[in-house]
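Each chain, written out:
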Amino acid sequence: MVLFENVSKIYGKSNVKAVDDLTLELRPGEIYGFLGPNGAGKTTTIKMLTGILPFESGRITVFGRDVVTDAVAAKREIGYVTDSGVMYEKLSGREFVDFMADVYGVSVAERRQRCDELLAAFNLASAFDSRIETYSHGMKQKIAIIGALVHAPRVLVLDEPMVGLDPQSARELKEIMRRHADAGNVVFFSTHVLDTAEKICDRVGIITGGRLVMSGSLDEIKAAKGDESLEDIFLSVAGTGTEV
Amino acid sequence: MHGWFLMTRTLMKTFFRKGKGDGSRFAGMIVLAALGALLSAGVAVMFAFLGPAFAAVGIVPEVTALLLDAGFIVVLVFGTIGIFSYVYFARDSEFLLSLPVRPSAVFLAKLAAVYAQEIMIAALVMVPGTLALGISTVQPATYYIMILLALLLVPVMALLVASLVSVPLAAAASFFRRKGAVSGILLIILFAAFMGVYMYFVYSMSYGTGGDQSVEEILAEMQSGMVTMASVLYPVYALARFGTLTPALVGSVAGSALIDLAIFFGTVIAAGALTVLISGKAYKGAALRQNEHTSSVTSAREYVASSALGALMKKEWREMVRNISFAFQCLAGVVLAPVIVVVVSLASGMQNFTLVPLPSAEIMAWGTSLLMIVMMGVGMNQFATTAVSREGQSFAYSKTIPVPYATQLLAKIIVADIIAYITVTLSLVAAIVTAAIGGYADPLAIVLSAVFLLVYTAAYVNFGVLHDLKKPKLDWVTPREAVKSNATTVVPMLLDFLIGILGVVLVCVLTIVFDANFGLPAAGTGIAFGALIILSAAALVWSVSYIRKNADKYYNRLSI
Ligand SMILES: Nc1ncnc2c1ncn2[C@@H]1O[C@H](COP(=O)(O)OP(=O)(O)O)[C@@H](O)[C@H]1O
Ligand SMILES: [Mg+2]
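So the protein sequences, as listed, match chains A and B.
Each residue of the first sequence is one higher than the one before, counting from 773 in my numbering.
Each residue of the second sequence is one higher than the one before, counting from 226 in my numbering.
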């Protein structure tokens, strides 16, 4: 379980709250879709959870471990895929996976078992021993996902994971996310692609201007808003005319 | 032409803007400027004092030429690295070449951006010495015109040579699987060969003498030796002759000066034309080919497990050695430092042949070698001072992996230590061999130097890492930015130079004083080294505990 309690974040000298008093609970076994227009605060939220960004107020815990005071233990539970496709470009895919497995303490047998399946699903086996700098954007995204899953994290966090993936790979990823959640883990991802969210999420939250304006299962949200489509709801709460 | 201008302006802007605009970086620049000024002042004072002696022996044009040569060599070395990483290996090549601008314009625009950076280094190397020499030997106005011309055009010449050199190098490297590593090695071999040629001249000059010559003979020999050395880069020598108004080719001063000037400008123009002709054409193909990594398959085909620390060390090493800019900055010293130690040690052995016999020439000759080890072997290695900056965007992983920050730093420090100790050991061996040949090997000084270097190197590495950790440059796109326009790499280096100079002066002064007053040079040497070793050890212990205590604090401040 992941808990955000009244978390706020202000960047540097700006006065704008990138995330404003966020309270949110992510439960094992479910996929939580974090929706919002560009600049809503999705990436900021994810970076606070993963330990990249410090924050001013509030508390975030991962299965009871505080991400600030018990940072290393909290990080051990998390697998994270960035939105920027950031990578150790000079390593090969396998070397990168080895690196991630080493720092999370995963045995060679477990790496082989977990990765072989993912490599086949993502059709990445042939490029696995080439340097990551030779990969396309989508391939980098895939190897980042494999690196994030190699220690079978109890919390899988993905920032805009579908961007750059071809249709087959996007479907594979959705299935992987589903399986990972079904195994009793938390899957938390951000997106502004509503179709994706509508298809695979157990619950969604809509964030805009740093504030979580709505959170619940799709049915709950639709019921509350009088059965509009998710798109209509999104556009009404996130403000029309906002670039999505 | 218009396209070239627009592109140059844009490249310059991005080149110099990155990372500016906040207070502490500004403070860093001030410290940098202060240290630079201090070093320049030292060089200036030295040449102001030596100037009259050079004038007496009649070698002012040659010394001037060698000072300008130093600027040429520095720009050649750094410029070639710059051209490789900023021109050939840059990530923006594909984008720039897709613009409606001719490839040669892109190439020249990039060259201009590299020039703008190198001219500052060239100024630091050439101006203080020549200015002091000019004033102390009362040179004519042409001398100052020469300084200006040299400042503007010697870097141009060096960069043109560098860009010509890099064409075959880039082409040769593209045949190999590991292009980055191969071009790094080719560069190192090239510069080692270059230094070797110079060394040969210095060597043949100082050891050609027999035992019992008259003062006049020694003088004449020195003079002709200097002329030979200065003639290696003949156009620069011609410029120096113009500056000092030394007639050489024809009898009349004015005529000779004009001819010398024509030689210099002719060379610059010819080199420029050749560069535009050859490298402009070669650039497009080479730049695009360098960005293909079709065959960079690594050999491992099986998962390999290691400890978290081991994994971090492997990653540090691979990310450095597979990146040409980083590899060159971090590893060139392993080859270059011993070569430079030998060259400078041989040159300082020349003291034995000068007319003014110095007291305790042995300790001064060894001190020079030690200084070179401290400067080239320890200070020029930038693995430590870019330890965190090298992460760049991938710093996000440092924050998210479940490894304590102190352990992550330890991995960086261990790899830095390994590289530094290999460099220092090779340089020390080179220095000892040279000293043995030169007849000034003092076992006490050697052993104490070794102990000092053992402790000092570790301390320097820790401070380098710490300094980078305080304000790393993580927002780079081309690796060159992480190393070159990064103030954090320069401050520790200049500090190292300063410590080296002060330390060696301390050793020499105490040895000479104890020798003169008590006839006990060894006591002076021992006390000086004792103090240096104790200070280094204290710095080492402090840095270890400081890093342990504060790693979390600094890492938490950083985000990407
Ligand atoms: N490094 C930063 N410095 C200052 N402001 C930032 C930074 N990163 C993001 N912001 C601001 O924080 C807000 C939220 O951004 P972000 O979390 O990236 O949005 P999203 O991921 O939802 O598109 C935006 O207003 C953005 O401008
Ligand atoms: Mg985002």
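No lab work stands behind these hints, which were simulated from the structure alone.
Ideal Cβ placement from N, Cα and C applies to all residues, glycine included.
Among the hints, erroneous ones may be present.
Taking lysine-lysine pairs in the DSSO-like style, the calculated list, with each CA pair at most 27 Å apart, reads [to be verified]:
id: 1; chain 1: A; residue 1: Lys-785; chain 2: B; residue 2: Lys-539
id: 2; chain 1: B; residue 1: Lys-539; chain 2: B; residue 2: Lys-774
id: 3; chain 1: B; residue 1: Lys-774; chain 2: B; residue 2: Lys-695
id: 4; chain 1: B; residue 1: Lys-778; chain 2: A; residue 2: Lys-785
What follows is a list of derived Cβ distance ranges for each label pair [stated by the list, open to error]:
id: 5; chain 1: A; residue 1: Val-788; chain 2: B; residue 2: Pro-325; range: 36 to 42 Å
id: 6; chain 1: B; residue 1: Ala-530; chain 2: A; residue 2: Asp-938; range: 28 to 34 Å
id: 7; chain 1: B; residue 1: Ala-259; chain 2: A; residue 2: Arg-884; range: 27 to 33 Å
id: 8; chain 1: B; residue 1: Pro-668; chain 2: A; residue 2: Val-844; range: 46 to 52 Å
id: 9; chain 1: A; residue 1: Val-880; chain 2: B; residue 2: Leu-760; range: 43 to 49 Å
id: 10; chain 1: B; residue 1: Asn-781; chain 2: A; residue 2: Val-788; range: 44 to 50 Å
id: 11; chain 1: B; residue 1: Ala-530; chain 2: A; residue 2: Thr-841; range: 27 to 33 Å
id: 12; chain 1: A; residue 1: Val-788; chain 2: B; residue 2: Gly-535; range: 39 to 45 Å
Reference excerpt, derived from the structure (chain A facing chain B, CB under 7 Å, subset only) [what the hints assert, rightly or not]:
id: 13; residue: Leu-825
id: 14; residue: Phe-835
id: 15; residue: Val-844
id: 16; residue: Arg-848
id: 17; residue: Thr-854
id: 18; residue: Leu-863
id: 19; residue: Arg-950
Each hint tested on the structure:
1. This hinted pair does not check out: A:Lys-785 and B:Lys-539 have alpha carbons roughly 38 Å apart, beyond 27 Å.
2. For the proposed pair B:Lys-539 and B:Lys-774, the alpha carbon gap of about 25 Å is at most 27 Å, so the pair holds.
3. Distance check on the hinted pair: B:Lys-774 and B:Lys-695 sit about 14 Å apart at the alpha-carbon level, within 27 Å; holds.
4. Restraint check for B:Lys-778 and A:Lys-785: satisfied, since their Cα atoms lie roughly 20 Å apart, inside the 27 Å limit.
5. Roughly 40 Å separates the CB atoms of A:Val-788 and B:Pro-325, a value that falls within the hinted 36 to 42 Å.
6. The given range of 28 to 34 Å is respected by B:Ala-530 and A:Asp-938, whose C-beta atoms sit roughly 32 Å from each other.
7. Range check, B:Ala-259 to A:Arg-884: Cβ separation about 57 Å, and the 27 to 33 Å hint is violated.
8. Between B:Pro-668 and A:Val-844 the C-beta distance comes to about 50 Å, which sits within the given range of 46 to 52 Å.
9. At about 47 Å, the CB distance of A:Val-880 to B:Leu-760 agrees with the hint of 43 to 49 Å.
10. B:Asn-781 and A:Val-788 have their C-beta atoms about 22 Å apart, which leaves the hinted 44 to 50 Å range violated.
11. Checking the proposed 27 to 33 Å range against B:Ala-530 and A:Thr-841 shows it holds: the Cβ atoms sit about 30 Å from each other.
12. With their beta carbons about 43 Å apart, A:Val-788 and B:Gly-535 fall inside the hinted range of 39 to 45 Å.
13. The closest approach between the C-beta of A:Leu-825 and any C-beta of chain B is roughly 5 Å, which is under the 7 Å cut-off, so the hint is satisfied.
14. The interface hint given for A:Phe-835 is violated, since its Cβ lies 13 Å from the closest Cβ of chain B, which is over the 7 Å cut-off.
15. Taking 7 Å as the C-beta contact cut-off toward chain B, the hint placing A:Val-844 at the interface holds, the least distance being around 5 Å.
16. Here the hint on A:Arg-848 is kept, as its CB sits about 4 Å from the closest CB of chain B, short of 7 Å.
17. Hint on A:Thr-854 holds. Least Cβ distance to chain B is approximately 6 Å, under the 7 Å limit.
18. A distance limit of 7 Å between C-beta atoms decides the matter here; for A:Leu-863 the minimum to chain B is near 6 Å, and the interface restraint holds.
19. The restraint placing A:Arg-950 at the interface with chain B is violated, with a minimum CB-CB distance near 24 Å, outside the 7 Å limit.
Of the numbered hints given earlier, the model fails hints 1, 7, 10, 14, 19; all others are met.
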